[in-house]
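What the sequence shown shows, in the UniProt record's numbering, is residues 1 to 446, in sequence order.
These are computed hints drawn from the structure, not numbers from a lab.
Predicted model, so just to flag it, every value in this text is computed and none were measured.
Built from N, CA and C at the ideal position, the CB exists for glycine as well.
There may be inaccurate statements among the hints.
Said to hold, decoys possible - Below are the EDC-like pairs computed for lysine to aspartate or glutamate, each with C-alpha atoms no more than 20 Å apart in a straight line:
(1) K114 <-> E90
(2) K291 <-> E440
(3) K403 <-> E440
(4) K69 <-> D231
(5) K52 <-> D11
(6) K403 <-> D231
Stated by the list, open to error - Between beta-carbon pairs, the in silico distance windows are:
(7) D287 <-> G199: 30 to 36 Å
(8) D119 <-> W196: 44 to 50 Å
(9) P307 <-> W196: 19 to 25 Å
(10) D119 <-> T139: 28 to 34 Å
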Amino acid sequence: MTSPSIVWFRDDLRLADHPALRAAMDRDAPVIAMFVLDEESPGIRPLGGAAKWWLHHSLLSLDERLRDKGARLVLRRGPAERVVHEVVAESGAGAVYWNRRYGRPEREIDAALKSSLRDQGLTVESFAGSLLHEPWTVTTGSGTHYSVFTPFWRACRALPAPRAPLPEPRELDGVARPPRSDAPGDWELLPTTPDWAGGLRDTWEPGEPAARRRLRHFLDHDLPAYDAARDAPAAGATSLLSPRLRWGELSPFTVWAEATRVEGSARFLSELGWREFAWHTLYHFPDLATKNLRPEFDAFPWPGLDPRQLDAWQHGETGIPLVDAGMRELWHTGYMHNRVRMVTASFLIKNLLIDWRLGEEWFWDTLVDADGANNAFNWQWVAGSGADAAPYFRVFNPELQAKKFDGDGEYVARWAPDAPTAPIVDLAETRKAALAAYDEVKRAGA
1 MTSPSIVWFR DDLRLADHPA LRAAMDRDAP VIAMFVLDEE SPGIRPLGGA AKWWLHHSLL
61 SLDERLRDKG ARLVLRRGPA ERVVHEVVAE SGAGAVYWNR RYGRPEREID AALKSSLRDQ
121 GLTVESFAGS LLHEPWTVTT GSGTHYSVFT PFWRACRALP APRAPLPEPR ELDGVARPPR
181 SDAPGDWELL PTTPDWAGGL RDTWEPGEPA ARRRLRHFLD HDLPAYDAAR DAPAAGATSL
241 LSPRLRWGEL SPFTVWAEAT RVEGSARFLS ELGWREFAWH TLYHFPDLAT KNLRPEFDAF
301 PWPGLDPRQL DAWQHGETGI PLVDAGMREL WHTGYMHNRV RMVTASFLIK NLLIDWRLGE
361 EWFWDTLVDA DGANNAFNWQ WVAGSGADAA PYFRVFNPEL QAKKFDGDGE YVARWAPDAP
421 TAPIVDLAET RKAALAAYDE VKRAGA
């Protein structure tokens with residue numbers, strides 16, 4: 001009998017359009033589907049609380065779908081390089097397949113595994129399953145990476161169209177005796193003391209089937225209004241696909257293929273491009289979550305932290321209605337409307353003068369869609385320190401933003417009807433202080 005093939009699932013918790021799974025099936029050998037929870041390898045960032053909640057439920061869904069096809073999901077915890085070798089030894093596997101990852105620690109783990117497993121005589125292959133374009137394939141005329149979105153996206157559109165998505169397998173040939181597996185509950189990914197996930201349960205259904213239903217609903221009902229209504233937080237015109245893409249319950253190739261069939265989808269497709277831009281930037285700047293992309297911002301004179309102000313921001317108690325509504329939506333649902341994300345981030349950085357990294361850490365812990373690229377990339381965009389960033393002197397006035405995008409107050413009324421009415425800071429005065437601090441950055445970059 002041919003030795004089994006291991007498919008190592010990571011941020012691609014689906015069966016449709018899964019190139020690594022397809023390669024394993026083409027090898028015509030029994031398949032072992034495996035997921036490794038690795039929070040121990042050097043450089044790997046442990047998941048936030050909301051992300052752990054989503055992962056738990058998405059793994060349950062994936063295992064159920066695998067069982068329906070004739071296989072099952074093997075769960076292991078520990079440093080990935082060690083765990084993969086252990087499962088190979090236990091199963092006698094002759095091949096290991098995975099879809100590529102793009103953060104530096106993940107790339108280093110994968111490269112070491114590919115080398116050591118091949119040295120043992122195994123077939124080891126990786127595939128493009130998470131980005132429309134590999135980061136090394138989109139370069140300027142001089143061969144460097146892009147730092148501005150518009151020419152980056154223009155270059156992407158000039159490349160051959162993204163490949164067609166692969167079909168979901170009808171059935172899988174699982175091994176008769178799978179390797180030992182942890183139970184999902186062993187990992188304690190769900191909050192218990194206290195159980196703060198009630199809002200997440202009310203809002204989301206993780207898993208590939210729900211992801212596909214959401215995509216279909218968005219394309220049929222919301223996409224026609226997307227361009228006009230996407231900035232209004234109460235309009236319900238956004239796709240809500242970000243956690244589906246973050247966890248790979250949908251591939252970007254599937255979303256692209258189906259959205260391009262709908263007239264007027266260009267604006268939405270450019271948001272997929274923004275996601276690509278974030279990941280390409282992380283590929284070239286691996287410390288995106290901790291270091292300013294523009295080094296002149298290292299001179300920014302952050303004042304001493306007032307923990308009371310940070311706490312007020314985190315829990316929606318700032319007295320600024322739109323900010324408080326956004327932060328309460330985030331805490332309840334693990335999600336926040338994109339326009340409001342920009343407003344709340346700007347308020348933290350430019351009105352409270354709190355380092356963007358503290359905001360990025362809070363979003364990392366509370367967002368179900370927080371990933372290694374988009375979260376840090378977008379915080380640096382608002383801070384002015386990142387790629388194609390909004391100028392630091394562009395300060396989002398949350399009162400004007402509310403008038404423009406929530407004019408009837410529906411969003412604020414839903415999420416912050418009882419928020420404080422006395423602002424913890426004066427918007428005009430703090431804006432002046434922020435611009436004065438920015439003068440030091442300008443002098444440093446001169």
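Evaluated hints:
1. K114 <-> E90: 18 Å, holds
2. K291 <-> E440: The hint holds at about 18 Å.
3. K403 <-> E440: Distance of about 32 Å is beyond 20 Å: violated.
4. K69 <-> D231: Measuring from Cα to Cα gives roughly 41 Å; hence the hint is violated.
5. K52 <-> D11: Holds. K52 to D11 sits at ~13 Å (cutoff 20 Å).
6. K403 <-> D231: OK: K403 and D231 at ~12 Å, within 20 Å.
7. D287 <-> G199: 30 to 36 Å: 33 Å, holds
8. D119 <-> W196: 44 to 50 Å: 46 Å, holds
9. P307 <-> W196: 19 to 25 Å: Once the Cβ atoms are compared, 21 Å apart, the range 19 to 25 Å for W196 and P307 holds.
10. D119 <-> T139: 28 to 34 Å: 32 Å, holds
The structure does not agree with the numbered hints 3, 4 stated previously, though it agrees with the rest.
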